[in-house]
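Go by the hints and put chains B, C and D onto chain A.
There are 4 protein chains.
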Amino acid sequence: MSKIPVGVLGATGMVGQQYIALLRDHPWFELRFVAASPKSAGKKYKDATAGRIHYPGVDETFGELIVSDANDVSAAIAAFKAGDCAFVFSALEMGKDEIRALEDSYAAAGIPVFSNASAHRWTSDVPVLLAEVNHQHTDIIPIQQKTRGWDKGFIVVKPNCSVQSYTTPLYALMKAGYEIKRLIVSTLQAVSGAGYPGVPSLDIVDNIIPYIGGEEEKSEMEPLKILGSIDGTGANEAGLIKNAEYPKISAHCNRVPVIDGHTACVSVEFGAKKPSVEEVKKIWAEFRSLPQELKLPLAPERPIIIREENDRPQPRKDRDADKAMAVTIGRIRPCNVFDLRFVGLSHNTVRGAAGGGVLNAELLKHKGYLR
Amino acid sequence: MSKIPVGVLGATGMVGQQYIALLRDHPWFELRFVAASPKSAGKKYKDATAGRIHYPGVDETFGELIVSDANDVSAAIAAFKAGDCAFVFSALEMGKDEIRALEDSYAAAGIPVFSNASAHRWTSDVPVLLAEVNHQHTDIIPIQQKTRGWDKGFIVVKPNCSVQSYTTPLYALMKAGYEIKRLIVSTLQAVSGAGYPGVPSLDIVDNIIPYIGGEEEKSEMEPLKILGSIDGTGANEAGLIKNAEYPKISAHCNRVPVIDGHTACVSVEFGAKKPSVEEVKKIWAEFRSLPQELKLPLAPERPIIIREENDRPQPRKDRDADKAMAVTIGRIRPCNVFDLRFVGLSHNTVRGAAGGGVLNAELLKHKGYLR
Amino acid sequence: MSKIPVGVLGATGMVGQQYIALLRDHPWFELRFVAASPKSAGKKYKDATAGRIHYPGVDETFGELIVSDANDVSAAIAAFKAGDCAFVFSALEMGKDEIRALEDSYAAAGIPVFSNASAHRWTSDVPVLLAEVNHQHTDIIPIQQKTRGWDKGFIVVKPNCSVQSYTTPLYALMKAGYEIKRLIVSTLQAVSGAGYPGVPSLDIVDNIIPYIGGEEEKSEMEPLKILGSIDGTGANEAGLIKNAEYPKISAHCNRVPVIDGHTACVSVEFGAKKPSVEEVKKIWAEFRSLPQELKLPLAPERPIIIREENDRPQPRKDRDADKAMAVTIGRIRPCNVFDLRFVGLSHNTVRGAAGGGVLNAELLKHKGYLR
Amino acid sequence: MSKIPVGVLGATGMVGQQYIALLRDHPWFELRFVAASPKSAGKKYKDATAGRIHYPGVDETFGELIVSDANDVSAAIAAFKAGDCAFVFSALEMGKDEIRALEDSYAAAGIPVFSNASAHRWTSDVPVLLAEVNHQHTDIIPIQQKTRGWDKGFIVVKPNCSVQSYTTPLYALMKAGYEIKRLIVSTLQAVSGAGYPGVPSLDIVDNIIPYIGGEEEKSEMEPLKILGSIDGTGANEAGLIKNAEYPKISAHCNRVPVIDGHTACVSVEFGAKKPSVEEVKKIWAEFRSLPQELKLPLAPERPIIIREENDRPQPRKDRDADKAMAVTIGRIRPCNVFDLRFVGLSHNTVRGAAGGGVLNAELLKHKGYLR
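Residue numbers (this note's numbering), protein chains in the order written: chain A, 1 to 371; chain B, 372 to 742; chain C, 743 to 1113; chain D, 1114 to 1484.
In short, the hints are calculated from the structure, not lab data.
From the three backbone atoms N, C-alpha and C, an ideal C-beta is built for every residue, glycine too.
Take the hints with a grain of salt, since some may be wrong.
[What the hints assert, rightly or not] Derived Cβ-Cβ restraints for the label pairs, each shown as a range:
id, chain 1, residue 1, chain 2, residue 2, range
1, C, 987, A, 39, 42 to 48 Å
2, D, 1289, C, 1076, 29 to 35 Å
3, C, 792, D, 1387, 52 to 58 Å
Bound conformation, chain A alone:
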């Protein structure tokens, strides 16, 4: 089988590089098109990233690719026509309105977009895909295409890098029949989440910062869209994703001196029916979803890995578990105030960014949306 040619927008940034690192040996996809800001356009990829390579080797493998101007959709269209770019991963870094408009242009031109940006996360016909949780939200794509008059293009986004550490395990419990009412979560987030140059070392060596702009809102609201349902597909109204009402989430988001890996300390209040700690462990250990059934290349074998040691998960020791795509959970114990406490951890630039995006593309490929 010949590989599907793909492009990366925002290819020189941190998440863009992570996408490229993950595509290096991908069995289905082949990187053939890179685009970035106008000042990188026209340069070789290795020159455009000189001195800014975060993932060793990406410049060696793809260094000779010529960077296109991401603002100029015609470059991608030409690549599309030349058979070099069947769809794109977007890791664009610019204003939200600009990203939204630009991603729309690519989709309108027939090029599916898998976006890492937050710009379209609240667009009601754009699914926020967390592959193990709401893979059925891909059903909105035909509606999205019809509403917008797009032929083959569409837009799918992935959630913020902090949410899978608790949303995946909570979904597993919900799927097992336990209603979740409320949630208080404190996150300890790695500096790579802020991109590059990102967090100044003077702000984080021997320090923590108890604030990340916009992060608490995303952490509280995005899970409700992910856990929502598709609603309104009638002739006269646009299909849209209706948010779930529960769980109510309160998030405290902290930046800590860790390179990769977001940790979440979670207290959960169930509905009337409450699982025991042992039931919770069993549900999580046995949880599998569509990406696992389909054995998608980047799907972790076990979406949730349980550590029984009382001092785990730890970012440095657990972030790379199962291709850095699993959520590792430990300290599962009753909560003194709510019902259950646990600590979840996942790799923010792989599972929480580029890896999550590639897994979404694998899912859509399987479902026949990518040809």
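Relative to chain A, chains B, C and D alone:
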């Protein structure tokens, strides 16, 4: 006025050194007696601490003092009789049972003990003093002395290094008439809280550890004793401190790569009457207590300092506020699940350990318990 | 005695703030004028630095001062005439040519400039003052003024933040009669040396960077000017500082994950006459210079502090020694290749930047150049 | 081909675990025997290492192996006879005299020992093997066996974890005909070099330690043995390795807050014939040795990788190059005092410890010493 001579037990350890650093220029107390483990006994203080000095200069000021064996109370008794040790600060590091027995021996010998250890925190006639919150708990001392047949000796302990960051502000709200029902708190605690050698660097560089042995229990239960009341003073029954029933606390305690300063992310549920964010700020900004009224030497001018910037408090920038004795609070905002959220921070080895102990001694001195 | 009013150019930056922190309680100088970039101009100092305060409290003490535009010398002239700015400390951050031109304008307007910038370090009639080493270089000031037709203004600069850790001790040995021929030095430099935002955390957590742009050249060449002599004062030729020919220096400059404090590992080759390790220690321990004799306010009592422990100096433990103005030296031992090895350490933003600048001003004040 | 069964002594420690991690998928060797201290003996490997696993997964793969007492050679002999242990890697952590005696016992019992310990590094008939540099030193093994009356057993050690960063590149230059006279090197060494628990976090967060006990002596002297020659093989005298006289080395060894990867800043003085920077680069880029020719499984393709960026090598970005077995070199430039300067980096627990040991075993296997 001549200064009161004091001793430090466990003088070579981390907290012991911090006590000594704080006593260097104290207006009321003068360090004249140091005791530590048998292997330090008989050595000059500077030799016993060679290569293990954490607070520059303490070895220079007090380096010539000869270290006594802390296990041998007779040394302290001799110092007491010689006018070199009117009371002791205990920073002993050994088993709880041993500490309890040893501290009892000092008190029985007429030497008041201000302990940093957790050994006596759950002894019902021993007050856990957080000077701004439960200074009236000193009233149990005469009962303690009577029950135990001690003449002038007594034992007072200070709470765990993590609790003042939220207990002091919560008390201020309670004093202003707001009932607090429940509390979920996640702490990000500095490595100095584990003493020396403490946390291995291999465990904490580019990492966090979501577990500190025993810390969550202390963080959840000690505030209830501090907020409790003295009960049972009748002829036939021992006086004891009765724990408060509220607030219910659930704690997640994490170790982070920070040298000094414990941070707490707190979500609070009030009773029926709920203050606005502005009222909370006003209450905290205006909060003063007995140590402030008495202008005790180590009392912070303002027990609670409010930072309005959205990224504060931060350990490195705020831990030293007001002689490292204030609690700095920021990010005061409504909670999405409970009523109020905030971040509190204080210096764990000063306010949360040696400084808190010295302030307690200043309080007892003022109340006439130290002569 | 009324204090001399002073100004700080580049007052909102990292070094500018350090100047302001040091001026808060200065016995001779009083901060009355602050200037910064046009985008800060017109704002209150506390507003111009909101969210960027590195030294707690400077915004509280001087927060109400209105920031002037540093590019507009007339503001300083007005302040000068109003008796609010007798001289300025320059911590400007812009291109070298611009800084040079701007500092010249201030001096030409009669306002002495004590600069932290590197712009004028190679101007031959501008002394690079390291107060304990080449205080006699102030003799070039009248020549500088005459040559340039300046009345009361002049320019004095301080050396790069890395050089005093080895230049001061080497000078002490030279003064004691030992010729120093060659020197190989590796520095481990703190992130504060790069200013703010400076070094991204992604580049330095769990990492070191073996390169700092321009730093090795400065580290190798500036000591030669400091150790040089004033030459050429005849009618027809400008006075200038002639560089010393020795020692030849080779520097490896590394950035390390340390907040403050530059460490230097030094190997020294003497001339024919070679001191023993004991002689070296004695010379350093006894070294005093003019700032000490004059008891200048910011002069360290002992310019060089010797630590005998084999694992010192360490940045966190020694950088603050003697108001953060002393150089701490340890590991004094023979070199296997040259003659002598040692490790020197000093605080880069105090001794190596703002503190060194203030000490220079104190020296010039004493010599009668500031009125 | 069936794999050769191997054992690891000191299997529960940090280097022991690294050996085990490297043996997991080794094409020639199969781990079948683990031994450690008496307190681990009799336990399952996963239980003996519970809470102390540094390399994720080693406990899962080999967790069921029963740990033997490393002090009891008879256990290894039994495993040897049972075909479970043809030779051992020694990562013992105990006193030097004990290690020496114990390693001798294993060798005397016919079990070859590849040691990571420093105990035997100065034993004159024991080669200190750096596989790309002195592979011909294996010729001393028959002499060693004959002298000591050992049949099939022998002892080979690997050098200290800091030396390959400069010794391998210097050897490449020597092999190309350039004499090297003197060397001044400053190392910035990772905390993993101190084992576990090793360096306390209180000593290294926001700090560096300019001292590592015994490290400078090892860094200065071991290269001379590695670069030495076998001498004295006559009937009446024992064969021994005669140290090289040059280069003279002076080392400054520093501990820095880096998890893995030792960096060395090196200044080199050549003999009369001096290569240009371009020649040096060419020699290093083209350097290959016996392990490369034999394509040994753990041999890096290129022993020396050159980075042209001016801020490389960096520990976090370069330590894992080519299976963490290559030395990465950058900043190749003339020295202001000697002739050449460069920065070398390699992974201390792989190339500098367990990986170096496994490569040595591969070499000996190829040469027919392991059956």
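Comparing the hints with the structure gives:
Separation of residue 987 of chain C from residue 39 of chain A is about 45 Å and conforms to the stated range, judged on CB atoms against 42 to 48 Å. For residue 1289 of chain D paired with residue 1076 of chain C, a C-beta distance near 32 Å keeps the hint of 29 to 35 Å intact. A hinted range of 52 to 58 Å holds for the C-beta pair residue 792 of chain C and residue 1387 of chain D, which are about 56 Å apart.
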